[in-house]
Every structure is written in structure tokens, then in C-alpha cells.
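Participant: So the chains spell out like this:
Protein chains: 4
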Amino acid sequence: MKKIKLGMIGGGFGAFIGDAHRRASRICNDFKLVGGVFTSNYEKGKEFAQQEDLDLKRCYANVDDLINGELALSANERIEAVAIVTPNCLHYEFASKLLNSGFHVVCEKPMTLTVEEALNLKNMVGDKGLTFALAHTYTGYPMVRQMKELIKSGALGKIHRVDAQYYQGWVNSIINGKDSGITGVWRMDPEYAGVSSCMGDIGVHAFNLIEYTTGMEIDQVLADLSPVKDNVPLDLDGTVLVRLKNNVKGVIRSSQVAAGEENNLTIGVYGSDASLKWSQEDPNFLYMLSDSEPTKVYKPAHAYNSDFAENSHVMPSGHPEGIYEALANIYKGVAKSIRGNDVYQGEYPTVEDGVRGMKFIHSVVKSNEENNTWVDL
Amino acid sequence: MKKIKLGMIGGGFGAFIGDAHRRASRICNDFKLVGGVFTSNYEKGKEFAQQEDLDLKRCYANVDDLINGELALSANERIEAVAIVTPNCLHYEFASKLLNSGFHVVCEKPMTLTVEEALNLKNMVGDKGLTFALAHTYTGYPMVRQMKELIKSGALGKIHRVDAQYYQGWVNSIINGKDSGITGVWRMDPEYAGVSSCMGDIGVHAFNLIEYTTGMEIDQVLADLSPVKDNVPLDLDGTVLVRLKNNVKGVIRSSQVAAGEENNLTIGVYGSDASLKWSQEDPNFLYMLSDSEPTKVYKPAHAYNSDFAENSHVMPSGHPEGIYEALANIYKGVAKSIRGNDVYQGEYPTVEDGVRGMKFIHSVVKSNEENNTWVDL
Amino acid sequence: MKKIKLGMIGGGFGAFIGDAHRRASRICNDFKLVGGVFTSNYEKGKEFAQQEDLDLKRCYANVDDLINGELALSANERIEAVAIVTPNCLHYEFASKLLNSGFHVVCEKPMTLTVEEALNLKNMVGDKGLTFALAHTYTGYPMVRQMKELIKSGALGKIHRVDAQYYQGWVNSIINGKDSGITGVWRMDPEYAGVSSCMGDIGVHAFNLIEYTTGMEIDQVLADLSPVKDNVPLDLDGTVLVRLKNNVKGVIRSSQVAAGEENNLTIGVYGSDASLKWSQEDPNFLYMLSDSEPTKVYKPAHAYNSDFAENSHVMPSGHPEGIYEALANIYKGVAKSIRGNDVYQGEYPTVEDGVRGMKFIHSVVKSNEENNTWVDL
Amino acid sequence: MKKIKLGMIGGGFGAFIGDAHRRASRICNDFKLVGGVFTSNYEKGKEFAQQEDLDLKRCYANVDDLINGELALSANERIEAVAIVTPNCLHYEFASKLLNSGFHVVCEKPMTLTVEEALNLKNMVGDKGLTFALAHTYTGYPMVRQMKELIKSGALGKIHRVDAQYYQGWVNSIINGKDSGITGVWRMDPEYAGVSSCMGDIGVHAFNLIEYTTGMEIDQVLADLSPVKDNVPLDLDGTVLVRLKNNVKGVIRSSQVAAGEENNLTIGVYGSDASLKWSQEDPNFLYMLSDSEPTKVYKPAHAYNSDFAENSHVMPSGHPEGIYEALANIYKGVAKSIRGNDVYQGEYPTVEDGVRGMKFIHSVVKSNEENNTWVDL
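Same order as they appear, the protein sequences are chains X, R, W and Y. The opening position of the first sequence corresponds to residue 70 in our numbering, with each subsequent residue numbered one higher. The opening position of the second sequence corresponds to residue 70 in our numbering, with each subsequent residue numbered one higher. The opening position of the third sequence corresponds to residue 70 in our numbering, with each subsequent residue numbered one higher. The opening position of the fourth sequence corresponds to residue 70 in our numbering, with each subsequent residue numbered one higher.
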């Protein structure tokens, strides 16, 4: 099967998310990276392209050049899809241009800086009939997908409570070091990151996992955020009360200064009949609790799983697949969509998930500014 | 050493908390149960006393009889301390009478139904110079005490965040069964339980663990509680945002309808240098996380622990002690106090902890009624 | 119900096993300690008795005095059962005398120094019709009992393999310290401990758990033992291949020099349909694995457990009971037996288990001496 | 950087190990698959090549054709390295031919069917100066490499004991199904698999991990193997006592019929000062135990790790990498070697590791046949 020709914006030397996208695209084996704009420094970008053994003619100085250069090629040679792995502030501009020029897009999250931009992108995607995927990587884990399918099957009964956590500690060394540390990190600079650091960068993943696994929307939020230190312009820590339909309540906890926490994203969904719990650092274990039966531990590569979960894992049981494979599962869904095949619901996060995420981030910041009151999404 | 003569109010046939107090008093070996009022049904109470091999003359029909009967005995024979393990609504009356008659008291939590009663009790204890202990059992675990001592030593640096959870699921079978189920359970009946079920019965333990381990007070709460079902008069589930001094924020999550959860009390305290996490269902493991070192797992019976933790565990390392031993540690502290020995700070929970707990419960309920606004404790 | 009057041989100041027996006897609430011979130093023994608030007249200088003193009392006052918690070398003499004088006995393991002594004791117990229990404490854990019952029910299918481990590390500090360290520790002195240290003290527990949970006997052993250091007279580490009937094979691993291991006793039984795994340091979790279903985690205090397991746990689910409660469960079985009630199979370890253990220890040592060849038990 | 052109023998439709090699080669990004002999059925092979988007001219009917075809190409185009992922019986023939024709080789394990063949291969590799790697995938995990480095640094003191386990359960469904099931599985057919199933397929990984992490050689083995059922020609389960230099002893346990076990490879190395434990199903956690300090949990992507471990993980801490990344680390070492760069000791398993493995397998089978006696490797 012919590989889909992939371009990339961002992701040059030292960029771990760009590297993850490249690896994921190679793992799923449906894509071939052929060019891109790897950094704003053109010379560095070419060095990088050389290291990646790419045709230097397809290493461009900027996105406009890439669009023009590729459109000048025959359809058979041309980049078909572009991965955007730049800081947040550039997502909207680049995604808009690429969509308007007919390229499919895989975009890092958060999708844009504002809700309005997000809605614009949604319209573009609808108008153009192109594939647009948002990199909510964690939805690619087999056991997250199994969780979604178990909930859809009604295994939990009536849902009572949702509870998600995303704790990291890496910002400690920055805020407890020199001041210049903060300014050097784009995730904590409003100009590059948008209105939020902690909620925008990681809290939104917790939000997304709740909506993804339950298939329900969060309607209202009440947030208490903290910059932790005086000279920090954005939130580094916070808690968000959430309300869904049918009297379901819950909470999202997130921090970038929880010392020693690495990438501790967890989700629990509690129902009248059973509950499900999953943790990103042990991604191949899914726990189902009930009041009347022994706790059950689901793992990938077993006939007891749903087809969707099973199709998201390749190795026999007990052979751990990790985060690259999760992202590769999303790339696989994107490839199916680009090739015009039927895509299963949840196989890749869409522009609609991006709109939801932006609404979450902005509602949370608003609630915090308005003295911790309820804000509708 | 002479045993302290113990009486008990409540705790007859089928009462698991009363049984736990009796076991704990026997484990620590400083007490000898000699009598009590084991149930409101006098005949049943005598049957129970017989089963326990007690002198039936010291099985009383009510608390007044107990006080009068025991005061008529010589000081050498007389009950010295009384454990109150009745439903919440009776704690205040019985504790008041017993204190006023010169008995030391060990009381189940929540201490009273109102903050005013709690403050009255505090005054009585102060006036009488008696020992009063509140059964915040979890503070008796060696690794909780080690956590308190590590924080006191400054091991965490500046505290950023506190995070406690108390999830149970046992109420599911009641609210999803017949309606009569609810009325039969005193913990969900306002007349017996007070203003709260979930927060009053278990959320308050999470609150207490935060204050106990950090040595800091929670100043403000904002709560979102839920009765989960229409015909339930009290909260069965809720989340509480909390604020402490020095810009420390956090959250308490609690539920009695988290299906399959048994007694899942956890606490995490996150600081600038390190964090500590503990879970009640694996009580002999304490985790210290830091950004720069491997995670450390503390266990009891090691020279690396503080004296306070070491004095709270008897067996060599790897021999699990459990919840009875935790409560026995509290009884041991009570015995030291009754005997006039120096008591280490935190060795048993005091009437002051009871006042704090009542303030928490009432503030949380108030915040929930006032549309989830901040309430000072 | 009248308490059974208990005596104790050994267990004075600083003896953790004696203390554990006393606590267990108090927890189960069927016994009352009334006297004993707590140490070979009579003065120290009396000090100890005083601390325990015992009648000093019933603190005896030696076992003969105890027997004579107690037989002189009325049957109503007299000690009925005696716990022997001395070094191994004294078990046989004291147990023989006590049985011959009509006392029930609870004995620490290993039961004797030789197989012959063990068989003699077995005959005495049979002749006298007395209750004799061996302190294989781990058989008192609810989840070990659940494991036994699940296997008995056929849940595993045909058993393929048994696998038990008992790792400790505490001897490291002795053999890596001064030579005198070794001579000061009776467990490593052949005169006090018998023919084996590691296998006699802990390996035999692993052996016992295999026979206890499977209900099968180990027929043959092949052992490779190690004193680890030149000047150590007994084994401190070893592995034993085992063979049972019906082509079942397995292995027992044991060490007292596995650095950092505390009391890491584990057992796995693997069958054609399912397997069961349990670990002593997390005693309230039992894992059932199968090739076709999610792993199941059994915990105490659930209706899905067998009656035997449920009767071995008192608190609601999620309230951890520990090793004292395990030993208390054995004392409870002993009390039932002494009172003439029906005792469920496995409710307490018997003299027959003691004979099996001695055969194991001696066969293992013989196999090791005979160049690691198979030895019949 | 130019990619190394890779060929593959075996690994067609449905072959999970071949797929793993292809993914690993893409993840490390140093290789490009350009052709191969994907199955003995040439038509199927071409279908497979088409699916992989390969040049059909370089999909060959057999290994001779591949060698001839590739040698006819310019050095610039020619396959440089070949991955052999066929059943065991074909490894030796194909590896010999390829080495003799100047191709570098990556070979699945066990390397050959006999020790003699293994020694021949070793000579060939030495003579030709080519790179030969054996796919002991688990040595590619960052925490296995950290374990090796910690031991090399002396962190454990004097090693006392080694203990490795490899349990799977997948053969249960075969031997408990129809007889034809067994004959259809090449791993259990002596003609294809060699003298051993369980030890040859998985026990050898446990053996390899002991030698890899300790840097010591196992000198002697004593094995007790079991075919489990009458009509099974090879071992499916077994235990191996092992002896190393300096009085180090240990044990390898392995089974393919441990019901419910998936891929449960574990290793523990116990020393006088500390011990290390690692488990393949949670590969990103390494536990260091000591008698005097809290247990330490090492994880990837921390400055406290050795350079070798750190260079084997790309993502920030807490982002789980899995088994494909482990194999990719080995491919990365192979690429460095092929390109003539310095290779760190242990960066990929060599032909010498293959010789060791064959000696282990044959010694174990011999010991079992000779009534479980010691056999020198």
C-alpha cells in the first residue's frame, strides 16, 4: 500500500513532541515523512532535514513556501498531510493556511489560542472535507479505548462521578531556579501558550479523557487555579469542579509543581454497578471495581476486550506497548480517514474535540477570574 | 502495670466499630473492659456482656445508671475511661455527662452534631483536666505518623498542594435497592447522623489527615455535594476545594457511591522539594517522590524512620500490622495521658481535632447550600 | 463465655514472637494469660510478669514448677493451654511434658529438632486427646484460606506447578558485621536451631503454604543450600526442587540474606484453568489469573468469598487486618477445639503439619549433603 | 544520515516477531527495509511485499536468490544487513550463508539448534569482521541497562543470589485442546524448535538477563523439566538451579503453562549491600532494596540514571516506552556497529551471547536427562 506523504511544521532538534509524531508515523507504517519546516531558523532546519535523510529541496523556510512548493509538485509527489508541532500560538495560523490549501492536518493541542479560532477551524474542516486530527495521544492507548467501549456497553450502570488527575512536577526546577527560567519556557509565556499553562497544557488532557471515555459532555466548570509563585504569569496548579448531564459531578486536578510526579494522568469513572480506573504510567492495566465481584484487571491482547481495543494493540499479551504506539494508533486512524475508509468513532480526536478543549480552557480561566463561580462551557 | 478500667457506650452485637475499640484496647494491653451500656435494649445488652465474660452488675441500662453505679464503687474498682461508639447524635450528651462526672472519654467521630456542642466539649475538657480522645483511627498508622514527622522536618520544602480522597461504594446497594433501605441506615438519617453523611462520616477523615500530616489548618472551603438520588436527604458524594495559609491550595474528594471502592482513603502532600503519598488500603507503604531522586518507599520497623513512627509498630519489618493496631496506638497514647505521662504531639487526636472536624463539616454543608461559595472555617 | 486460661513458656522482654502470641490471644478474646515461665532468668521473668499485671505466684522458675503449681490448683483456676515460644531446641521437651500432664499446647515452629521427636509428639497428642496447634501463622490470613478453598473447589483445573518464596535480608547485617554476631543469634546456632537456619526458620513456612493451599503432599525434594560465608554453620539461603503426586512439580526459594527483603513470603499455584498468587506483605489481595478472563483480585469481607475466608476477617472490606489477626484466627480455631466444637479443616495447623515440616527440613538438609539428589519425604 | 538498507528472512503475514523487528528498525530510524524472503510461499511473499510498499524485484523466492540478487546490485543500493526471523531450525543455515556473503545479520534467538553450530557462527563473525546481533530484546529496556550499570558500579556489594523467572500460559489452550494443536505449533516440534520448547524459547531469556545484568557467567546447571502432558515431545515447564563463580547460587524458573501469565519475565539480583528487582510487564520501574534505606524506585529519563540507561529512552519521564523501543535500542546499537562507531558494552547482544544461550539450553536438557545432576556449561 502506498504511504501517505507527510510534512511537518516544527519538531526540529531537541523537540520531543515532534520526534514522537515522526516515530508514531513510522510505527503505524502508513506515512512517509518527505519534508517540512522544522524550525524558524532555516539553516538549522536544513541541518535537521539532512540528519533525517530528507530531500533538502523539501525543507522549506516557512509555511507559505511549503504550501507553494508542494502545490507545484504533481499530486503523486505532493505532501498530503501535515503535522503541526509548534508552540500553541502558531497552530491556528498554520492549520488555517494548510487546510485552505487542501492539506490534511494533524495538530498538537491545545488546538488554538481562542474559542473563536477553534470554531473557525471547525468550519474550515467541514467546508473542505479534509481530515483534521488533534493529538490527544492518550486516547490511542488500548485500555483507554477498552474503557470507552465498556462504558458505552453500559457496564457501569448509571454514572455517578468522574475523577481525573494530571500531575507533573517538572516546573518546580524552573520556578525554584532563576527568574529567567520562566521566561525561557514557552509553555509559561502567555504570548506563546495562551491564557493557561497547567490547564492548557495538561488539564485539558484530563478533561478530554473524561469526555472521551464517557461519551458525555462537561457542561459547567468551577475552577480554583494558582500561579504558585508571584512572578509566574499563568496557572501552574489547579482544581476544577465539573458538572455533566443527569446529575453527574466530578473533578479535575492538575499540577505542574507536584514534586516528583512525572506524567501522572489518571481517570476514574464511577457508576451505580461498577467503576473503571486507568493510569497513564501503567497504561496496559485497566481496573474494573464492583461492590459484589472481585476487582477485574483488563490487559491488552485478550479476546475479552472489545474489537476497538484489540485493534489498537499488536503484540501478544504481556508485551508492553507504550506512548509511541498510542500516538501511532491515532495516526493509523488518520490514515484510514485520508484514504476514505470508514473510521470508528473515537479512532482519532477531531476538530470538535479541539473546540471542546478550547471551551474548557477558557471557561476554567474565566471561572477562576470570576472568584470561582460556575461557568457554562 | 495496672490496667486502666474501661467502660463502653454502644458497641453491642454486630457493631463493628465498638468491636474495633475493644480489640484495640486489648491489643495495646493498657486497658481492661469492665462494663458499659452496650445497646439501648437492656436485655440484649446483658446478653452481650455475658458473651464478653463481663460482670453483669456492671452492664447498665443507660448512661446515668453507669455513672451512678460506677461512682458508688471504690476508686480502685471504678471505670476510669469510657469509649463512646454510638450513633453521632448521642456523642455530645454522653460525653458531657461522663466528663462532668470525672470520666476520661474516647469518642467516635464526628464528635458532635454542631460546632457549638463541640466548643462546649472543648471547654469541659479544659475545665476538668481530663483526657479526651477522638477516634481518628488513621492517625495511628505508623506511616501516617512518619509522614507527619517528615513534613515537620522540612523534607518537602515549601508545600504547594494537598490532596486527599476517601472513596467507598457500600451505599450503592442501599440506594439502588428499596427505599426503606435508606431509612434503616442511621448514617443517612439527619436525626442520627447530623447535617452530612459522606462528609460527616468519611470526608472529615480526609480533612483530618491533611491537618494532621501537615500541621497546618484549612482556612476556607468551597464544596459541591450531591445526594446522588432524589430521595436521599444527605450528601453521598462531594468535592471540596480547600485553602490553607501561605497560598497552599488543595482538594478533598469523597464518595459513598464510588462502586467497588472499599475504604480508599489516600493523602498526598506536594512540596517544592518532594512529595509524600499514602494509601490506607496499603498502610505500610509511604512514598516520597522528588524531581531529582528515585522514589523512596518507606516501611515500618526501620531505623530510618522517626521515633514516633517506630514506636507505633511492634513487629519486625514486613510483618503487616493493620487497622486494629492503628487504633491500639491511639489507645496507647490515651493510656499515657491518663497515667499522667508526657504525650507526644499527635499521639492521639484531641477535642481540638473534634472542633476542627465539626467546623469542617458545617462549613462544607454551608458552602454547598450557598451555591458553592467560599466559607471560612 | 469463660476465657480459656493460657500459660506461656518463653516470650519475655524483647521477644517479638511471644508478644505476637499474647496479642493474638487477646484479639481473639477466647483466652486470658494467667501465668508462665517467661525466661530462663527467674528474676527477669517476674519483672516481666509484673509488667503484664499477672499474679506473680503464677510466674514460675521453670516448666516443671509450672506443671506442678498449676496441677495443684482447682480445675476451675488451672491453666488449660500453654503457648511454647522458646528457641527450637526446647520445643520437644516442654511440649512433651505439658501434653503428658494434660495441657493443651500451642507451639512455635519448627516443632522439634528431629523427625523422630515430631512423630513422638504426634503419638502423644493422639493418645491424650488434647489439642495441639503449630504456629504456622500465615495459614490464618483470610486470603490464604480463600486460596485453599478456591483450589479445593477445583477452580484451577489440573494443577501444573507450585512456586513458593520466602526471602528475608536481616542476616546480612550479622554476617557482614563481627563474627561474634553469628554466635549471638540462636537461629544460626545448630545447638539451638537444629540442622537448618534458613529452611528451618522460614523455608518451612513456604513448604507449609504449598501443602496447606493445595491439600497435596510434597513427596520428594532436591535442595541446593548455601551458608553464604565460610564461618556460618548453617544454611542461610537455598533453593528446593519439589515433586508432588500427579506429575506436579515446583520450587521453593528461600533466603535470609536477600538484602532489603523484609518478610517476603509468596505463593503461586498454577493450574490448567487458572492460577492463584498471594504475597504476605500485601496479605489482603489474592490474584486469580486465567488465560481467557481478566485477572481477578479477591479481597476480604465480600460475599464472593468462601465462608472459611469470611469467618477469618471481621472488619468491613478495605480495613486492613494484619499478621496479629492471622495468628488470632489460629488461636480462635484452637479455642474451638479446646471447647470441643467442630473445627473446620485448616482452621489451625496441627501436629501432623509439624511432622510434615520436620520431614521437609531433614530431607532438604539430607539432599544438600548428598550432592543435591532427590530425597523422599 | 543515510539509512542502512535492511533485508528480512521470514516475518510475513501474521508473524508477530517479524513485525516487531520491522517496527523497531523504523523507530530507531537508522534502517530502511528494502527487500527480503518473507515466507517460503513465494506468491504470499510477494503479496506481503506489496502490502509493505516494497519494490517487488527485491522480494525473493529464497535466501540464495536474495544473496545473488543483492550482490548483483551496486554497493550503494545493496542490502547491508539482514534480519532472520524464521523458526529456530533455519537460523544457522541462513545466518551462515549471509555472513559468508558479507551481510551483517540480526538473528532471532535461540541462535542455532546446537552448540557446535553456535561456535561455527562465532568463528564466521570473527573471521568476516561483520556485525552480528542476537535479538535478546529485553536487554534493550532502559531499566535493564540501568540495572547492569548499577551492578557494575558495585552498588550491590558482594552478590549472594540470582533469581529469574519467565512465566507464560499460552500453551495451556493448546495442550488442553486437540492433539493436532501441538503439532501445528513449531515451538513445540523438535524438528523446528530444537531440543527444548520452554527453556529454548523463554528460559534462555531469563538465563541471558542474569548474565547480562551481573556481567557474570553461569558455570553449572541442574534442571528439572516437564512436558506436563504425555504426548508433548518437549519441555513446557521447568526449574534450573544455577551456580556462578564466587559461591553465587540461584535459580531460573520458566513455564509455558502457568495459566494466566502473559509474559512475566522477572529478575532479581541480591547482594550483601542491596538488591535489584525488575519485571518486564512494568518495564519502566526498577526497584533497589537495602536493609537500611527506603526502597528506591528508579524510572527512565532522570539524571540519576547512568548514561547508558538514559541514552536508551527518549521521552520525558512518565511517558512509557515499551517493547518496540527496547528492540529499537538494540537496532540502534547494531547501526552504530555497522557504521563503525564505538559500541558500548551491552548495547546489543552478540554472537557470544548466542553461544552462551545454546550452551545453557543443551546443558539444561542434558541435566534433565541425566536425572537432574549438575552439568557444566
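Hint data in this document are derived by calculation from the structure and do not stem from the laboratory. Incorrect hints may appear among the rest.
[Stated by the list, open to error] Here are the simulated distance ranges between beta carbons: (1) X:Asn300 x R:Asp445: 57 to 67 Å; (2) W:Ser165 x R:Asp133: 55 to 65 Å; (3) W:Thr183 x Y:Ala372: 51 to 61 Å; (4) X:Tyr413 x Y:Ala372: 37 to 47 Å; (5) X:Asn145 x Y:Ala372: 30 to 40 Å; (6) Y:Asp376 x W:Asn316: 26 to 36 Å.
C-beta: ideal position from N, C-alpha, C; glycine also.
Participant: For this structure, which hints from the list above don't hold up?
Facilitator: 1, 5, 6
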